[in-house]
Amino acid sequence: MAKCWSCGAERRDAFFCGSCEKIQPIAATTTHFDLLDIPPRFAVPSEVLDRAFRTKSKRVHPDRYGAHSSIERRLALDHTARINEAYRALKTPASRAEYLLTLEGVDIGREDARTQNPGLLMALLETQEAIEVMHDRQALLDEKSRIEARRDSLLAGVGRYFDEGVGTRQDVVDALTELRYLSRILETISRRLED
Amino acid sequence: MGLLQIGGSARAKCAGRVVGIDLGTTYSLVANVQDGTPSVIEDDAGRVTLPSVVWFGPDGAIEVGYQARERAGARAETTIASAKRFMGRSHAEAQSLEELTPYRFHGSSSGAVVYFDLGEGRRTTPIEVSAHVLIALKRRAEAALGGTLDGAVITVPAYFDDAQRQATKDAARLAGLNVLRLLNEPTSAALAYGLDKRREGLFAVFDLGGGTFDISLLRLEDGVFQVLTTGGDARLGGDDFDRAIAEHFLREAGVISPTSDAEGVGVGVGVDVGDVEPALASAALAAAREAKERLTDAEKTQIEIAGRTFELTRTQFDSLIEPTLERVRGPVTRVLKDAGLEGRELDGVVLVGGSTRVPRVRSFVETLFGQKPLSDLDPDRVVALGAAIQADLLAGDGPRDDVLLLDVLPLSLGLEIMGGAVEKILHRNQAIPATAKQEFTTYADQQTGMEFHVVQGERELVSDCRSLARFSLGNLPPMGAGQARVLVTFSVDADGILHVSAEEKATGRTASVQVKPSYGLDDETVERMILESFEHAQEDLNQKLLIEARTEAERILAALKKALVEDADLIAPDELGAFETETHALREAMGGTSHRRIEECRDRLDTLTADFAVRRMNRSLQKSLEGQKADSLL
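Chains as they are written, first to last, in the numbering used here: chain E, 1 to 195; chain P, 196 to 829.
One or more of the hints may lead you astray.
Claimed, not checked - Listed below are several chain P residues computed to face chain E (Cβ distance under 10 Å; list not exhaustive):
id, residue
1, G371
2, N373
3, V374
4, R376
5, E416
6, V419
7, L600
8, L601
9, A629
10, A631
Said to hold, decoys possible - Restricting the straight-line Cα-Cα distance to at most 25 Å, the calculated cross-link-like pairs of lysine to any residue (SDA-like) are:
id, chain 1, residue 1, chain 2, residue 2
11, P, K619, E, V173
12, P, K632, E, M122
13, P, K532, P, P518
14, P, K619, E, E187
15, E, K91, P, P518
Derived by calculation from the structure, the hints in this document are not laboratory data. This one's a predicted model, so the numbers in the text were calculated from it and none came from an experiment. Ideal Cβ positions, reconstructed from N, Cα and C, are used throughout, including at glycine.
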């Protein structure tokens, strides 16, 4: 672990110096899981994530550093922004899976990393188009349950890959690509249901 | 880098005299914490509230608060109330309110700042009016606390956008206040509530003030107040109730033409309303407000408008305000949906704001959430009390160091991309402070500059969002299309104010830029206003506007030139001649010194080329659809 910027002693953890207790810059290799101090798994109960977020925020929020030096205030702001980003990325199962995948070097946020399967894309496009012209409320609700069931089963598969080593990375890329589309379709349905 | 420039929001420790200020639309309050207990500071007469009203008399005399309100009858158009509704608004936006108001507006030459016309060639801005209110509160607090203030937390509606927050900070600077933090009003109320009552769980804060409506969901746990979602309407409040009543009786009295929609209360009543004499409008609004306040306890009351006396029953009042009240339903439904909750699952609904005293508002809230709202703290004081607690926490010498507030971004922030679409960079309801980076690239060979347009809002198209700022990054090394790597960083500080920077990375050359919102006032303007005692240096301003107009025109001409080369086949032969004539006219105007003339020519050229632009857009859309149909549609 790197040396403290202030006193030169060994750092205690990702946040603080073990000797002078001063807040430290975040290392480039620090992951969202490291920041929140939770194990890098797919299965993270939301209470665990929420509690970790609150605990970490209390330690580094800029409000706690009003009386410190400008460098410490800057680091506190930096830490808090990173913690907020980590919390947001790990909050939903799908975004958490996408982040776990980036740790394996695949960024599904980039178009070229997604699955280019014409059959899948056509099927999803057809679903989307069908919803746009669907006027019956019950039909929309049925479609919503069908897609939510599909989403849950894809997420279960993704979880087995990350936490139990079942399946291949390509399966996960396929599932996450499909999940991105499904979430758009679910948004469309909920918008149509509101109208 | 913007991310690391915390200059503006850096806070040194400020022990000693700190206060919380609730800068309200109709009333303002100041509070502080002593011996661990927050309390509101009274004036000499023992009153806790200060009407947010400023009277501008002849010879530069100024009165604030109750004295100003008393004088409203005599000089209605120079007595400014509810200035908060116009904070950070442009001239066009202020005018588009189209409601019963005693004010006459002017735009600054660029239209970016709205002025209240005070007659005799004098004018003032909402920022200056708010500064006068803040000065009065500051004096009150300094008299009570026995010395100069070291800092203040000022509350703003959660739904205030970037321009409105900047305008509030500018007002504080004019008033000579050191702003420790801009705090969202509902969060502030929750802070006062939670700490006072030692509650834990999920809460909704329903804040209906004079001019703004906020709804926030918070979780209070482990000493952390975490805002989950927030929403609202920055132009909805008790003032709208007053207007609805005043308009109804002005119509009954025959002052407003009865042909305008008889039930069209509050909004879109038509042009007749704007023509009501300022003194009459102001008196009618005051009578309506008083009648409303009496109806909190009484079943019926008398109201005198335009020299006639009418009877107003609670039932009639309720039906007059119903259309306004209905407007809170959308935001409430939305925040509950965002949080995935039902109203009845909440542990409590907290009422904030004077307008929640209205019995019909309470019953409406009860139906909306399926539970009786809490109201054991005075809804008028609770925001100021929370702000005082936060000021105490930030000053770092309070006993409650274990408490922390975590707030969220009220509106998404993004950049305009090709085709007038918005690429969101930071998302609504994301915890702040927040930072996000995104990479962009050039789309033309040898392109040496990039234009950035920063917008705020939830919609997909730039035209439906609020424009915050434009800036450009120049002097890029000439490269092939798509080779430059420009990293744009958006960072929002704990006040909810945005900083944007852009940096070109491909060749190791860097450039960065700070963005100022195009509404609000820039630093230079604020300094000048302080130095010259709120007198504007018109010449400087004109010069600045001229430069801006020229730059903008230059940009448009360059874009047109490029478009003419790229899509020459889309131009009709007779069009080209007209383009050339207008282009020539614009170039001539740019050689002159009138920014208005430049803007006129620019607008004409814009209109003239609109069809061509549509044809170009259709073509580019078609191209992108052909390329990746499935992906772009989904």
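Going through the hints against the structure:
{"no.": "1", "hint": "G371", "in the structure": "20 Å, violated"}
{"no.": "2", "hint": "N373", "in the structure": "12 Å, violated"}
{"no.": "3", "hint": "V374", "in the structure": "13 Å, violated"}
{"no.": "4", "hint": "R376", "in the structure": "8 Å, holds"}
{"no.": "5", "hint": "E416", "in the structure": "7 Å, holds"}
{"no.": "6", "hint": "V419", "in the structure": "4 Å, holds"}
{"no.": "7", "hint": "L600", "in the structure": "7 Å, holds"}
{"no.": "8", "hint": "L601", "in the structure": "6 Å, holds"}
{"no.": "9", "hint": "A629", "in the structure": "5 Å, holds"}
{"no.": "10", "hint": "A631", "in the structure": "7 Å, holds"}
{"no.": "11", "hint": "P:K619 - E:V173", "in the structure": "24 Å, holds"}
{"no.": "12", "hint": "P:K632 - E:M122", "in the structure": "32 Å, violated"}
{"no.": "13", "hint": "P:K532 - P:P518", "in the structure": "23 Å, holds"}
{"no.": "14", "hint": "P:K619 - E:E187", "in the structure": "17 Å, holds"}
{"no.": "15", "hint": "E:K91 - P:P518", "in the structure": "38 Å, violated"}
When each numbered hint is compared with the structure, violations occur for hints 1, 2, 3, 12 and 15.
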